[in-house]
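Letter 171 of the sequence shown, counting from 1, is numbered 171 in our numbering, and no numbers are missing.
Misleading hints may appear alongside valid ones.
DEER-style ranges, computed between Cβ atoms [to be verified]: (1) Gly108 to Glu160: 22 to 28 Å; (2) Ser50 to Phe124: 32 to 38 Å; (3) Ala72 to Asp152: 20 to 26 Å; (4) Asp156 to Val61: 15 to 21 Å.
Everything labelled a hint here was simulated from the structure, so no lab data went into it. Cβ atoms here follow ideal geometry from the backbone N, Cα and C, with glycine treated the same way.
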Amino acid sequence: MQGCRRLVEVGRRQFLKGSGTMAAGAVAASVAGSRRAAATPAPARVDYPSNRLANVADLAVNEPLEIAYPDADSPGVLLKLGQAADGGVGPDGDIVGFSTLCPHKGYGLLYDPSDRVFNCPGHFSRFDAEHGGMQIWGQATQNLPQFQLRVDDRGDIYAEGVDELIYGRLSNVL
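Go ahead and model the full structure; you've got the sequences and the hints to work with.
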């Protein structure tokens, strides 16, 4: 019985000694992590060069106009929704633009004018065109990248940035 108690006592000492070492390590890691966290965060939106995409006169209500932005390898669409929308520009605040690459696996998205949603044929994610490309269903882990648009006094539509990461890119930098 005496040998058993001695083993228990040695076990307790080892446990307490190990716990103290672990606690000291956790404090040191926390301090080092807080120093790293103090670094300047990257901007959420990256500015691409301004590109003319179309003119307001080129758009019909609820019919997607295929475009490419920020380069030829990045398909997208412009939409005139017929009512003001999140991120919308133009006289009625209803012109929006989105990447048509699903942020989950890069499948080409299909626009459904009946409910104004982009649908992914790969894994069935759905994105709401009226609410900034917000994901409303499916496997994607981010919203649909929306183009930051501007309309000039002649009605020309320019894209000047993207608010999410475009599929297949490590960053939104050209």
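Okay, the hints, checked on the actual structure:
no., hint, result
1, Gly108 to Glu160: 22 to 28 Å, "holds, 24 Å"
2, Ser50 to Phe124: 32 to 38 Å, "holds, 35 Å"
3, Ala72 to Asp152: 20 to 26 Å, "holds, 23 Å"
4, Asp156 to Val61: 15 to 21 Å, "holds, 19 Å"
Violated hints: none; the structure is consistent with every hint.
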